[in-house]
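J.: One letter stands for each residue in the lines below.
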Amino acid sequence: MPGMIKNVLKNFISKSATRPYPIEVRPGFKDARGELTNQMSKCTLCTLCAKKCPTQCITVLRKELTWEVDPFTCVYCGICVDVCPQNCLSHSTEHKKPARTKTKLILKQEKPPAPEEIIKTDEKPVVPEKIDPGHDYH
Amino acid sequence: MILDTLHLTKETLREEVEKMKSKGYRFVTITCLEIDEDFVELLYHFDKDLELIHYRMQVAKGTTMPSVSTIFFAAFLVENEIYDQFGIKFDDLVLDFGGTLYLDEDEEEVTSTPFCRYSVKRK
Amino acid sequence: MSKTIIPFGPQHPVLPEPIHVSLTVEDEIVTEAVPAFGYVHRGLEKLAEKKDFNQMIQVVERVCGICSMIHAMCYCEGLETLMNVEVPRRAKLLRVIWSELHRIHSHLLWLGLYADAFGFESVFMQFWKIRERIMDINEATAGNRVIVSVNQVGGVRRDLSPSQLKWILDEITVVEKEMKSMESTMLNDYTVKKRTVGIGVLTREMAYELGASGPVLRASGIAQDMRQLKYEAFDELDFEPVVEQDGDCYARGVIRFRETMQSIDIVRQAISRLPQGDTFVKVKGKPEGEIVTRVEQPRGECLYYIKANKTKFLDRLRIRTPTFANIPPLAAMLPGIELADVPVVILSIDPCISCTER
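Residue numbers (the numbering used here), protein chains in the order written: chain A, 1 to 138; chain B, 1 to 123; chain C, 1 to 358.
By construction, these hints were calculated from the structure, which means they are not laboratory data.
Incorrect hints may have been included.
To be verified - Chain C side only, calculated, beta carbon under 10 angstroms to chain A, not exhaustive:
no.: 1; residue: Ser122
no.: 2; residue: Asp136
no.: 3; residue: Ile147
no.: 4; residue: Arg157
no.: 5; residue: Arg158
no.: 6; residue: Gln164
no.: 7; residue: Thr173
no.: 8; residue: Ser181
A quick note: this is a predicted structure, and the numbers were derived from the prediction, not measured.
Positions of the beta carbon are idealized from the N, C-alpha and C atoms, including for glycine.
Generate the whole structure from the sequences, applying the supplied hints.
T.: Right, dumping it as structure tokens:
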């Protein structure tokens with residue numbers, strides 16, 4: 001016990017280790033894998049993400065020009081983001097909020113991307129350099 | 001790449017395992033895999049000073065095998081698991097779950113084994 | 001004296017996961033303990049027939065919620081050997097960094113649960129407070145808190161920038177400092193010793209014969225650690241297995257406390273030796289053949305048997321997890337102890353039931 005008393009007293013005067021969650025929310029980390037979204041203006045509906053996904057949570061309907069993801073089946077591994085030749089998929093830094101019903105995220109393509117924007121699948125995708133956030137994580 | 005394995009038969013199994021024990025080996029696990037319609041393969045892994053030794057043996061599906069759990073107590077769990085998943089029954093198990101290691105006790109009488117196309121009738 | 005059978009679990013305050021133990025009790029002393037399973041069996045080995053070998057990485061990560069990274073590392077290492085892929089040095093060291101971070105947070109989780117099992121609530125909260133720093137490192141560097149998904153066949157999927165490495169070093173220094181402040185409580189406190197010393201003794205011979213692995217084996221005086229196999233980058237890292245001689249619950253606690261400190265040291269070494277270079281190589285082709293790979297998980301030795309046939313799908317994937325090996329020693333440890341000590345003894349093997357059943 002005596003060793004612990006010192007620790008307990010220290011905890012009395014130091015800052016709280018927890019946050020009053022819904023009032024104060026910690027901003028997400030730069031590289032965190034949060035909600036998955038697709039920038040439809042760049043997407044070519046190539047279905048590579050749907051094929052590589054380990055849980056088959058992505059459905060691409062080329063006829064209807066839609067791309068949909070089931071966020072409740074997704075395991076947030078980020079493989080689709082890695083394989084996407086167009087670099088149009090991305091994770092937000094925030095996690096998905098709890099919901100009452102299981103709904104899918106359905107995105108519709110208004111118009112296909114211009115031919116000069118399309119990167120051929122066999123070319124190496126250009127990965128944009130990540131901005132280094134420095135030590136400012138908290 | 002194929003594992004270096006020593007050959008084993010149903011008859012020599014207990015004798016060989018006893019020998020391994022007296023040589024100071026530690027029982028690691030048994031791996032069971034389906035090779036074709038009629039046969040499964042059992043791989044016995046032993047370890048001593050970070051060196052693994054594998055024994056390989058082919059048995060027909062539905063065979064009853066002698067259990068090594070009387071020699072190495074640690075084997076009872078994996079032998080029960082193999083009965084659950086492959087339908088290979090082991091005699092003289094130290095702790096026999098009777099095919100209900102993962103299943104509920106009041107399951108249907110005939111259950112198919114998940115890892116190979118073969119059904120076992122359970123009393 | 002009449003016999004009484006007391007069911008322990010599957011839901012019990014000290015158990016994070018469901019396992020049932022039938023305890024035959026004679027006057028408060030356990031005479032027989034029979035474990036029963038089947039509450040969290042998911043059939044993950046069978047999934048190898050439906051998911052291709054790359055997608056299986058995400059499946060094997062989910063075998064265990066705590067040592068996910070090490071499962072995937074073992075699986076990838078096996079496939080890389082089968083496909084003759086030489087992983088870049090930087091990737092190997094990055095794997096070591098993440099796997100040791102996993103070991104630290106797993107041991108901290110256990111130390112907390114363990115303190116909770118013998119009723120020392122403030123120690124429990126203190127350890128979990130320390131653990132949160134490691135979870136933050138995981139989320140900031142790999143993207144997720146627990147299931148980090150950094151492995152791929154041929155290397156790792158994420159890289160660490162110089163500023164991230166500096167931040168990790170700063171954080172683990174704080175973790176080390178906070179661990180040191182807990183040292184006197186965890187190792188010398190009267191309350192802790194009263195509940196753990198001499199309880200659930202596993203002798204050296206018993207531990208070896210019953211196939212115990214990891215901290216349970218090392219607490220009984222056998223210096224066997226799979227990291228001695230020099231997998232990944234452990235060939236250039238300084239490391240000695242932590243050994244205790246007593247084989248009781250206290251010794252297992254000491255082992256895990258000291259291993260946490262050791263892992264902090266290994267992370268430092270790995271960061272200081274991190275070379276520049278690629279983090280992965282492109283892998284072509286399909287695996288063929290069979291292989292057994294072993295790694296050291298926080299709970300002990302983990303064995304993967306992989307059989308591939310040059311197609312997308314593996315023939316057989318067999319996972320022998322550390323808790324699977326530690327259940328027979330547990331069944332042998334329980335007879336002869338008092339009913340009130342059963343929770344502490346069960347927790348002292350660090351049971352991971354979802355690992356055991358897969």
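J.: Against this structure, judge whether each hint is valid.
T.: Hint by hint, here is what the structure shows:
no.	hint	result
1	Ser122	holds (6 angstroms)
2	Asp136	holds (7 angstroms)
3	Ile147	holds (7 angstroms)
4	Arg157	holds (6 angstroms)
5	Arg158	holds (7 angstroms)
6	Gln164	holds (8 angstroms)
7	Thr173	violated (13 angstroms)
8	Ser181	holds (6 angstroms)
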